[in-house]
Amino acid sequence: MGRLVAQPLLWFVVISLCIFILDDLMPEARDEIIVSDAQKDRIALLWKTQTGADASIQELDSLVDNWIQEEVLFREALRLGLDQDDSIVRRRLVQKLGFIAEAQMGSEPEISELESYYSQNIVNYTLPLRYSFRQLYFTDQVSAQAQLGQAKLGEDISSTGTTSMLNDAYAFRSELDIDATFGSGFSSQLIGLSVLEWQGPIKSSFGYHLVYVTNIHAEEAAPLNSVLDSVGSDYQQFQKMNARQRYVDALLDDYLIRYEGQ
Amino acid sequence: MTRILSLIFIASITVSCSDNATETQLEQSAELPPTGTNAAIEIPAARTAGYNKERNAYFGDLHVHTMYSFDAFIFGTTSSPSDAYTFAKGGKITHPAGFDMQLDVPLDFYGVTDHAFYLGVLREMANPLSEISKHEVAAGMSTLGGSVQRGEKFNEILAFLRSPRASEVNDPVIGRSAWEDIIAAANRHNDPGNFTAFIGYEYTATYSDGGNLHRNVIYRDDVAPELPFSRLDSANPEDLWDWMDANREQGFESLAIPHNSNGSNGSMFMMTDFSGNPLDDAYADQRMRNEPLVEITQVKGTSDTHPALSPNDEWADFEIMPFQVASFRSSQPNGSYLREAYLNGLKNQEEKGANPYKFGIIGSSDTHNATYAGDEDDYWSKVGLRDSDGVRRGSVPLREPRAPGENYAETYFNTWSASGLAGVWAEENTRASIYDSFRRKETFGTSGTRMRVRFFAGYELPSIDDGDLISKAYDNGVAMGSDLLAYAGRKPEFIAWVSRDPNSAALQRLQIIKGWMEDGEAMEEVYDVACSDGGIVDSITHRCPDNGAQVNLDDCSITSGLGAAELRANWSDPDYDAAQNAFYYVRAMENPTCRWSTWDAIRAGVEPRPDMAATLQERAWSSPIWITPVQ
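If you're matching them up, the sequences are chains A and B in order. Under this note's numbering, residues 2 to 263 are what the first sequence spells out, in order. Under this note's numbering, residues -8 to 622 are what the second sequence spells out, in order.
Keep in mind that a hint or two might mislead.
20 Å max Cα-Cα, derived DMTMM-like pairs, lysine to aspartate or glutamate [as the list claims (entries may be wrong)]:
1. B/K463 - A/D169
2. B/K338 - B/E401
3. B/K80 - A/D178
Sample of chain B residues at the chain A side, in silico, Cβ under 10 Å [unchecked claim]:
4. P183
5. D212
6. P216
7. P302
8. L460
9. R491
10. A560
These aren't lab readings, by the way, just hints derived from the structure by calculation. Note that the Cβ used here is the ideal one computed from N, Cα and C, for glycine as well.
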């Protein structure tokens, strides 16, 4: 008897026989496909999004039939392992799990977290040299020069010049912005100008300008409250990446990685 | 039976290592729409620093292909949507041929518009690990070589995609993955106040005779439907509009912008619908609701008008691309150009009571290099390795003539153009503000330079020298893209105003183009309304005197001291009749400069190709203002 018990092949034959007999006696056990109301609603909504019209009763029936057939094929495909070794399925699953991992990044950040993220990444929130200035536009150099003379005598010249699509005043404009507006080479002529007096004429693609620089803003870090939104979204992105990495690291703990040949 | 056994086997394995709580949680999260939620309540956003109630001009490109477009990828483009947005903001990216591409001045707004059909599919075919790379038509895709081989492979794939077997390689899973990346890239790069990134795609349908019915679909918000509607869903643009209408109800606001009507062989602006019925109210409403704008110019030519349609317009022969898209078959002018469509719209209105052609104007590039293509002196054309230098695009002689007398490559790139920029007037640089300007049609197109064009009509407009001109014009009149009612005994006034691109040539002349119906006949006239260099418009010919601006073809230098920084005019129509349906739009013209082909030749040290125009006049077109008699 002891020898019999120790015979795995025999056991296998016995159990298989039992299953065969049971299988014959029992009605075939079938898998269930449940068509939930929620699933029906989803099918109806998708139809409406794609065609613009509500599905009729008959259309809905046939859409549900299609869905059932698709579900059967889907399950069979999984059973046959067709999802294996398919790089698209693989990438899609990885992508989905990645999204879920990223979503587990915790609560709204505290302002202190944002402050510390901001100072660690201050280079991303540094503003270039910028100018704030008023300008008067003249089509010829002589009139510009004449008005500058008036200004030097203490006259108010702010209503002189020719109207144009250019603004009367520009605030916080970088050299790149200024050259995009007045033509290349304009911003370099602002270098070294003193503030709070009319100066010029400065030549642009449009003509001649008298310029009254109100402020020169040196390269500086943008105050946190002025960039809070973008710090917030950068920090969120950073946290997402972190959450993903933590998730991957935790999973990796369960694996032993072995390189072939090592 | 075997099934039961295998089930027992699988169950015994899975029970031991599954964690039910986690699985349920994962399933629930996976049910969330991955393209973002559809916010029903909108919180009014704070105004950004550049806000201006008199509106600023912003420039952008709404027609850009990246590695996800089937053609762009095979021509060598591996830059992603995110790379393209980085480029638009001033960043540098590398052309497939190895040189760097960068803008002198960054763009204000941008939309990546990859082809929806076979979205991402060719890129996946080149991935040797993918299932689709094993399909017979994908053979060789992972080892693509030079331009010629790529061209041949492209033609082979194109033939397959036009065959009944095409659906074998249309994988929506690949498409969806690409689409999600496109949406994420736009949302990541959108930076209210500084840079607007739109979500978009190209619907690339073709009429039965091969005429092009292409459109770009642009979304207002940060959400879009699960998958774009493509030509595989339907080749009939009316079905696209049904789909857009239905999606609008779900909160996905979008508009479609037709392009390359010039290559449509008359099918873009037909006088019947897709099934051949007359254009009625319902058609006009639906078309205008979904297509308020049309792209007037891009790399594949300009679609303002054609010399055969506008024989009295001396500037009609501008960057004409005579072929149907991607072929050497000629495209018939009728039904293919904007000005004629505006006229036909008026005609349809008088005859059938509906005007389906009341669209505004933008330009864009259609780059397939994930960048831009509107600079004459820094031209990258648009199909990667196929047209990356002068020899390939026919502006520089072949190293060895193909046949006696055949000294240049004969391709359709020869007829292409360094063109296409969209201009808008918007309060601030945000998605909402710029999208509203699309809907208002307060837009203009340029051939690539950054001229700014204003255009107003009304009955009590201020003088052009008024210091408060813009606010008074908005208060007392209507801006480009709008309608004005005509009253017997009253004559409307116009304000047309253009300011130069400070980094291009000065302005030569400012024009108003009028189209109208007279006794059932469509008529058109071009009026110069302001001249540079002290010129006066001739009251009979309506023309400015020639300002004599020249280009030196040895080095592309231009006559200095000629041309204007700005041109503007108070204008009223000398031939006005308040009983006529009419439209008016502005065309502003720069002094001549070198064309891309001439720059190519100079850099290669050869003469410009004799049968190509050596110079061109960069120009801008405003959206029209329509004047309709009170019934």
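Okay, the hints, checked on the actual structure:
1. B/K463 - A/D169: 18 Å, holds
2. B/K338 - B/E401: 40 Å, violated
3. B/K80 - A/D178: 13 Å, holds
4. P183: With a closest approach of 8 Å, the B/P183 hint holds.
5. D212: 16 Å, violated
6. P216: Since the shortest Cβ distance to chain A is 6 Å, the answer is holds.
7. P302: Violated: closest Cβ of chain A sits about 34 Å from B/P302, beyond 10 Å.
8. L460: 7 Å, holds
9. R491: 7 Å, holds
10. A560: At 14 Å from the nearest chain A Cβ, B/A560 fails the 10 Å test, so the hint is violated.
Hints 2, 5, 7 and 10, counting from the list given before, are not met by this structure.
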